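Trainee: Assemble the complex: chain A is given as a structure, and chain B must be docked to it using the hints.
2 protein chains.
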Amino acid sequence: MEIRLESVAIAVDSDRISGTVLAPAARLPGVLFVHGWGGSQDHDLSRAREAAGLGCVCLTFDLRGHERNARQWETVSRAQNLRDLVAAYDWLVGQPNVDPAAIAVVGISYGGYLATILTTLRPVRWLALRSPALYRDEGWEAPKRQLHLATDLHAYRCVAIAAEDNRALRACADFRGDALVVESEFDEIVPHQVIENYLAALAKARSLTSRLLPGADHGLTRKDAQAAYQHALIQWLTEMVVGAREVAAQAGLERFRHGRRAKTHSPHADAAERK
Amino acid sequence: MEIRLESVAIAVDSDRISGTVLAPAARLPGVLFVHGWGGSQDHDLSRAREAAGLGCVCLTFDLRGHERNARQWETVSRAQNLRDLVAAYDWLVGQPNVDPAAIAVVGISYGGYLATILTTLRPVRWLALRSPALYRDEGWEAPKRQLHLATDLHAYRCVAIAAEDNRALRACADFRGDALVVESEFDEIVPHQVIENYLAALAKARSLTSRLLPGADHGLTRKDAQAAYQHALIQWLTEMVVGAREVAAQAGLERFRHGRRAKTHSPHADAAERK
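Same order as they appear, the protein sequences are chains A and B.
First residue of the first sequence: 8, per the working numbering; consecutive thereafter.
First residue of the second sequence: 8, per the working numbering; consecutive thereafter.
The shape of chain A in the complex, shown without the other chains (with noise of 0.2 Å):
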């Protein structure tokens, strides 16, 4: 993410004043949501419209087995449904107004796991997950609904699992980016200990945010609860997409006052400014 700054001569009565533009480059930071098993991309369009607000372009988008795919309901695979998330990432990245390097990806609960697994495929510089969801590695390419027909699904999620143990968690080991993990206190199909197991494996990133939804359940029934949330999100991407921009637009400045320090000397560069 780029600040351009420029030197620029405007023309008034017959005299040239002086001027410096400072810009944003023409790319934005690209935000990509991911919704959770039963639900769709509608759940995220008021997140979406927020971070457009921050200047980032968004996609949501709907997993294959709901909405206008629901015949596969039955039938779609995790696998499937990772590569929907890449050929999401894909698109986002491809548009000419977006920065590659500048990406966030943005799970709840299913959504939040197959994001941390895109992670090991395609760069992700800020990963936010809300309740993700864990599931055994086995059965990859077994229709996800069966995952919930095992009886021990539950059960799996209330022990601590090594990083090295889980394709999700290995992933959060290997993400060296700025991570969100946003738990709801009273969430009936995601554990503490899954939120735990995250956490734990997500030591090695960057920066590491975590947050509790207080009286939440796992869907967000309650609208402060989704209140809650959405401010946690916003708060954390403004802190990721404004920062990046601020840090970008310092090293341009230093090395714009530099170049001009090397050609100007100006005696009232640092005289306060007068009445």
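Misleading hints may appear alongside valid ones.
Which copy is meant is left open, so a pair is good if it fits within one copy or across any two.
[What the hints assert, rightly or not] Straight-line alpha carbon distances no greater than 25 Å define the calculated SDA-like cross-link-like pairs of lysine to any residue that follow:
id, residue 1, residue 2
1, Lys-230, Thr-127
2, Lys-230, Arg-75
3, Lys-230, Ala-251
4, Lys-211, Ala-77
5, Lys-211, Ile-124
6, Lys-211, Asn-76
7, Lys-230, Ala-18
8, Lys-230, Val-249
9, Lys-230, Ser-53
10, Lys-211, Ala-108
11, Lys-211, Arg-78
12, Lys-230, His-155
13, Lys-211, Gly-266
14, Lys-230, Arg-264
15, Lys-230, Tyr-163
16, Lys-211, Asp-181
17, Lys-230, Asp-49
Rather than coming from a laboratory, the hints here were simulated on the basis of the structure.
Small disclaimer: the values here were computed from a predicted structure and weren't measured.
Mentor: Below, chain B alone, put in the same frame as chain A:
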């Protein structure tokens, strides 16, 4: 300022998944910085850097009588410097990536005085004034330097002045955008009464934010005063710029959802995310 919403189809395997893109329109808000008498555009570069980080195109420039045009220091008039400001404004608004309906002007001292008058000549949506100076209307074409030789300038700044009796205050009274006024607690050049005059005149602004920089002098000699100014300005700009984008995005989203509802009925649309 607009947010673009668009439905897209993304190919994966032999299927297609549905997506929605939300992106800021290609045009960005513009921020024009006007330095004070005896200052230079260099003072504004670090604020401009932060504003660029918010996704704005920023322009700083040197008024005539300063820097490369310092030879005109003794002769330059307010009329000329206002033309400088108008020329800089027109240059900024003429950039293809700048949204002419989203222009902020940030003026310090004499630059703040000029900025208020600019609002009567060009559309300004957001107006930020730090320690705006005040002058009698007389001698508009006379050298600006001479205004300081008039012994009653300080006296003029110590009395309440009705908006209709001063060109800058009249401009404020007619201003319908959002305004920020930042005052230095111990300003040796611009007494508190001037700030009161400006605030009273800005009574019809859409929003008015005033901030006091504790312990600060006019030129912000102290580092903590500079930091406090930068913080106040950037907080306000963030609220204005990001807020305006969000309002635009919300409106776009409602139109988009309404259009989709008319076309399809989605049984999952309001279900909470599951597992």
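Trainee: Taking the earlier hints as the rules, which of them does this structure contradict?
Mentor: Numbers 1, 2, 4, 6, 7, 11, 12, 13 and 15 - these are the hints that the structure violates, sorted from lowest upward.
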